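Asker: Here is how the chains run, residue by residue.
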Amino acid sequence: MTKSELIARLAERLAERNSQLVNKDAELAVKTILDAMASSLAKGQRIEIRGFGSFDLNYRPPRVGRNPKSGSSVSVPEKYVPHFKAGKELRERVDLSLSLRDEG
Amino acid sequence: MTLTKAELADLLFDKVGLNKREAKDMVETFFEEIRQALEAGDTVKLSGFGNFQLRDKPQRPGRNPKTGEEIPITARRVVTFHASQKLKGMVEQYHANKQG
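Chains as they are written, first to last, in our numbering: chain L, 1 to 104; chain V, 1001 to 1100.
In isolation and in its complexed conformation, chain L is listed as follows (with noise of 0.2 Å):
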């Protein structure tokens, strides 16, 4: 699934709650809830969404890597990274719909 058709997905869901929402709010939306998650881990701050998981930032200390061209070594600065952790919900049901299909 991608962005458009999740967007696509979700003014479908809209349109069958008779919602007054039109395609292009839930475009709006998508695109204002994902700049608004990415700017939170940009400034270190983490995101919570109950049953569906959580965003924090892992720290990667600095170290010295190749250049795998030229073999000379680089220092590469430390960072952090966006790393996710499904929450109990979206586990459960990702799990359950493996053993399901296994029985089916």
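Just so you know, these hints were derived from the structure itself, not from any lab.
Straight-line distance between alpha carbons at most 27 Å, and here's what the computed DSS-like set of lysine-lysine pairs gives:
1. L/Lys88 with V/Lys1066
2. L/Lys85 with V/Lys1066
3. L/Lys31 with L/Lys3
4. V/Lys1045 with L/Lys79
5. V/Lys1015 with L/Lys43
6. V/Lys1045 with L/Lys43
7. V/Lys1024 with L/Lys88
8. V/Lys1086 with L/Lys43
9. L/Lys79 with V/Lys1098
Fair warning: this is a prediction, and the values are worked out from it, not measured in the lab.
Since chain L is already given, all that's left is putting chain V on it; use the hints.
Answerer: Then chain V, alone, in the frame of chain L:
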């Protein structure tokens, strides 16, 4: 400070002009659609943010740390997230600036 569904709904109210109920519903449905796609075995690719993928892990031997008894850890499917280059760049940039 943590970003939660409540703050995201507030943003949709302030910036997108949804009413409070619509905003709350939109945020809930956003995450539910992603959960459903993953549940259906689908990868979720959100350009500029990152990809949610599924990994099937085979059964492996485990041990009860208390009793030392051997019990197999059953095969399972897990969700992994890979941040986009853009998101990784934003995070690195911020911390580089903070230190520089």
